[in-house]
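Trainee: Given the sequences, and given the hints that come with them, work out the whole structure.
Residues per chain, in single letters:
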Amino acid sequence: MSQSRVPTAGESGAPGALPSRFRIAFEECDAGLSQPLARAYAAEDGRKEHEALYALALDPAVAGRSALLRTLMDLRNPHLQRVLAYGMAEKGRNGERALVVVLEKPLGGRLVHDPSLGFQAWREEAVLGRVLPALLDAVAPLHERGLAHRALRPDNLFYSDAARTTLVAGECVSGPPGASQPPVFEPIEQALADPFGRAEGDPTCDYFALGVTLLSLLKGGVPSAERPTGETNLARLVHGSYRVLLGEIRVSYAMADLLAGLLSDDPARRWGEAEVRRWLAKEPVEPPAPTARARALRPYRFLERDFFEARPLAQALADNWEEARRALETARFGTWLERDLNDPDAADAADAIRAHADASKGARKTGEDETIARICLALDPLAPIRYRQMSALAGGLGPWLAEAARRHDEEAMQTAAQVIACALPVRALEARSDSKAPVHGLAALFRKLDALLHEPGLGFGIERCLYELNPGLSCRSPVVAERAALSVADLLRALEDAAARLGSELNPVDRHVAAFIGSRLAIPASGGQAAKGNAGVRLERLAGLRLLALAQVRARKEAPERAAALPQLCAVMVRRLAPALSGFRSKRLRVKMRERLAGAASQGSLADLLNLLLDPDLVRRDTEGFAVAVEELRAILTERRAIERGVEPQRREARIVGAQISAALSYAVLAASLVASVLGWRP
Amino acid sequence: VAAVNPTSQGGAPPAATDSSERRPFIARRLAAVIAATIAAGVVAGLAQPTFVLALAGLLPSLVVFVASSSARRTLLLTVAPINLAGVAPVIFELWSRGHALETALHLLSEVETLALMYGAAAGGWLLAWLSPKIAYMIADIRWDYRLKALDAREGDLREEWDFSER
Numbered sequence: 007m008s009q010s011r012v013p014t015a016g017e018s019g020a021p022g023a024l025p026s027r028f029r030i031a032f033e034e035c036d037a038g039l040s041q042p043l044a045r046a047y048a049a050e051d052g053r054k055e056h057e058a059l060y061a062l063a064l065d066p067a068v069a070g071r072s073a074l075l076r077t078l079m080d081l082r083n084p085h086l087q088r089v090l091a092y093g094m095a096e097k098g099r100n101g102e103r104a105l106v107v108v109l110e111k112p113l114g115g116r117l118v119h120d121p122s123l124g125f126q127a128w129r130e131e132a133v134l135g136r137v138l139p140a141l142l143d144a145v146a147p148l149h150e151r152g153l154a155h156r157a158l159r160p161d162n163l164f165y166s167d168a169a170r171t172t173l174v175a176g177e178c179v180s181g182p183p184g185a186s187q188p189p190v191f192e193p194i195e196q197a198l199a200d201p202f203g204r205a206e207g208d209p210t211c212d213y214f215a216l217g218v219t220l221l222s223l224l225k226g227g228v229p230s231a232e233r234p235t236g237e238t239n240l241a242r243l244v245h246g247s248y249r250v251l252l253g254e255i256r257v258s259y260a261m262a263d264l265l266a267g268l269l270s271d272d273p274a275r276r277w278g279e280a281e282v283r284r285w286l287a288k289e290p291v292e293p294p295a296p297t298a299r300a301r302a303l304r305p306y307r308f309l310e311r312d313f314f315e316a317r318p319l320a321q322a323l324a325d326n327w328e329e330a331r332r333a334l335e336t337a338r339f340g341t342w343l344e345r346d347l348n349d350p351d352a353a354d355a356a357d358a359i360r361a362h363a364d365a366s367k368g369a370r371k372t373g374e375d376e377t378i379a380r381i382c383l384a385l386d387p388l389a390p391i392r393y394r395q396m397s398a399l400a401g402g403l404g405p406w407l408a409e410a411a412r413r414h415d416e417e418a419m420q421t422a423a424q425v426i427a428c429a430l431p432v433r434a435l436e437a438r439s440d441s442k443a444p445v446h447g448l449a450a451l452f453r454k455l456d457a458l459l460h461e462p463g464l465g466f467g468i469e470r471c472l473y474e475l476n477p478g479l480s481c482r483s484p485v486v487a488e489r490a491a492l493s494v495a496d497l498l499r500a501l502e503d504a505a506a507r508l509g510s511e512l513n514p515v516d517r518h519v520a521a522f523i524g525s526r527l528a529i530p531a532s533g534g535q536a537a538k539g540n541a542g543v544r545l546e547r548l549a550g551l552r553l554l555a556l557a558q559v560r561a562r563k564e565a566p567e568r569a570a571a572l573p574q575l576c577a578v579m580v581r582r583l584a585p586a587l588s589g590f591r592s593k594r595l596r597v598k599m600r601e602r603l604a605g606a607a608s609q610g611s612l613a614d615l616l617n618l619l620l621d622p623d624l625v626r627r628d629t630e631g632f633a634v635a636v637e638e639l640r641a642i643l644t645e646r647r648a649i650e651r652g653v654e655p656q657r658r659e660a661r662i663v664g665a666q667i668s669a670a671l672s673y674a675v676l677a678a679s680l681v682a683s684v685l686g687w688r689p
Numbered sequence: 390v391a392a393v394n395p396t397s398q399g400g401a402p403p404a405a406t407d408s409s410e411r412r413p414f415i416a417r418r419l420a421a422v423i424a425a426t427i428a429a430g431v432v433a434g435l436a437q438p439t440f441v442l443a444l445a446g447l448l449p450s451l452v453v454f455v456a457s458s459s460a461r462r463t464l465l466l467t468v469a470p471i472n473l474a475g476v477a478p479v480i481f482e483l484w485s486r487g488h489a490l491e492t493a494l495h496l497l498s499e500v501e502t503l504a505l506m507y508g509a510a511a512g513g514w515l516l517a518w519l520s521p522k523i524a525y526m527i528a529d530i531r532w533d534y535r536l537k538a539l540d541a542r543e544g545d546l547r548e549e550w551d552f553s554e555r
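Just so you know, the sequences run in chain order Z and F.
Following this note's numbering, the numbering of the first sequence begins with 7 at its first residue and continues without gaps.
Following this note's numbering, the numbering of the second sequence begins with 390 at its first residue and continues without gaps.
Calculated directly from the structure, the hints in this document are not laboratory data.
Take every hint as true, because none was put in to throw you off.
Calculated lysine to aspartate or glutamate pairs in the EDC-like style (CA-CA distance at most 20 Å, straight line):
{"#": "1", "chain 1": "Z", "residue 1": "LYS593", "chain 2": "F", "residue 2": "GLU554"}
{"#": "2", "chain 1": "Z", "residue 1": "LYS593", "chain 2": "F", "residue 2": "GLU548"}
{"#": "3", "chain 1": "Z", "residue 1": "LYS593", "chain 2": "F", "residue 2": "ASP545"}
{"#": "4", "chain 1": "Z", "residue 1": "LYS111", "chain 2": "Z", "residue 2": "GLU55"}
To give an idea of the interface, some chain F residues facing chain Z are shown, with a C-beta separation under 7 Å as derived from the structure:
{"#": "5", "residue": "THR463"}
{"#": "6", "residue": "ALA477"}
{"#": "7", "residue": "ALA517"}
{"#": "8", "residue": "ALA524"}
{"#": "9", "residue": "TRP550"}
Computed far set for chain F versus chain Z, every beta-carbon distance over 10 Å:
{"#": "10", "residue": "LEU419"}
{"#": "11", "residue": "ALA436"}
{"#": "12", "residue": "THR439"}
For every residue, glycine included, the Cβ atom is placed at its ideal position computed from N, Cα and C.
Mentor: Listed below in structure tokens is the structure:
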């Protein structure tokens, strides 16, 4: 077993090192306890060696829910898997690190290993006696804190004891909310989103998942597993989730009421803890009435199918993007939306079509993709944002973007950038919220992201959006990705090690490093002002040094031992700053600066390097000296031009002057001759 | 340039323009010749020996006067006074010997007298030829010196400062 590093305090909410008393056997992967997005390893507590533990190493590229870890550690609940410790640990000799969560080992194993393969169906009494109360108890404390578990499903349920009597809900932090859930376990608005595009959700999502879990156990498999996901989703939108998921499964009337309450598609009417407990106590509880939905008198025919309602049509359009483009061009579509659908929300869809049509008349150009996305949003405001291949709720855009970054999918990242640039998330959030309620904080974040996205220069762009939307994501720069740096101090330490390893081949400030620092240091957008001064290699490198220096100053305040001195990184920066020295006009000063920077680099302070380069006195002297030199050079060139241009005229002038002198001389000779002659001189 | 160049506009050739400019000069020259002839006639009538001596002695100036154009008047202005400076002592000599035609002819037959008069004219011509060249050379030396100083200073500035475009 490899022992984890000495613990250090976390900075700015980022987890510190895993306490050293926990030993993780990274060489022993436990496939039985591994989660879809995290691998399990054997673990041991040095103080309580008899305790059965295991550890999950979270994938640093996945936007997990590490913010919940502190709360889960504080919870003492017999039906919720207990988090004993968490922190950063080194996974291998090459410095690879991961956020590790130490959990109590469920001695009885999983309830079901793979529900999709089918299993022995449970009787209603067993479900109601052993599963339902346990899961209610498991999620209740989370819900009291306003949190949702978002990972309730049969294969994430465990027996905590070897006798397999006590059921516990598994962890919910190894991935984004609901990312590992099969779509049927999610409420319809979350199910329509890509797995990584699901939002944090609320307790009502857990009660829906609870209902589907019960249904799975009663069926002995995943409900509606035989149908493709797209078909199931469309059927759920047309007929309701309860009807579609229940399907042919036979349940008692009482159980049917419970399932109808839990599987309601209207979160406001869905049963919560109070209704379920009253139902368990056999008190009368009315199952929710079906939601009244606007229905057109005449159908809209799309892809050989008649649509009477807006939500299924929105989904069909989103699933068939190219056909939706063609539908957009037909007058029938707009007419049906405005006249036949009889839905006030559809007016927004018609507006989107008009805006698209008006684009040629000088209005802001609305692209086809944006128009289809706006139509889908208007037809189904609760659904995710659908934009080409993307389907994500506004709250799930962060994990979706993180997943795109993990796959290095540039096209997907650009899609996310376009979605933010079109203000679709803000539109979606405003469409979902009550018009009288204040706009969601998330909408304010997306407005800020729009500015950050469009700001040119280091530390901005879509990478900045990635880190703003995922505060718990580690820096994804290829240079330091394996180090899973969650804080700027960790990042600087990782860069220092990379500098020692790679030397001058290292580019310490790539777009990810810059965006990560910009996000964690909350560097605001300047409206393009900063970029004006950051053009060119010279100033880009200076901007990179400025970011690193700011990061080191912050890290020194928060974790002095991790960012104290960074001599290797400074040495690399000095080599890379050669173009930045060209900012000085004096060549003699450049040589002097190179010597001074090399001296400062050995001290390991990036701020000192920056201060040297930006020393106002030096900069002023250089600027003033250069201005004088420019004036002098200009005077020299002007004078030379004047001389060159004036040579011929001046030569002519010289000839005339010469002739005049000779004439004057000859008159002088004449005068002398006359005087001499008068005085009596004779030849 | 083309708009103001008569040749390029198919107008009269430059020679025609020169001849039109020369016309008043020739008229003036003719008037001067007539006046000089009248004056010479008067002088020849009143002081024949002086006239003969002066005519012979100032022959180079007369040649220059006849041959020189307006542009070459400077040559006349140099040659004539010096030529006269060479002739003046001979005339005084003539006057001092009694102002007779024989004396004048005798003086004209002396090599020294001719050397003085024509040598002075030659000296004048040499002076007129050399002076502009010397002035030209002095000016060139001065400019060369200044250009070298400017080059040296520019070199120093470029060695010290980076004037590249940003």
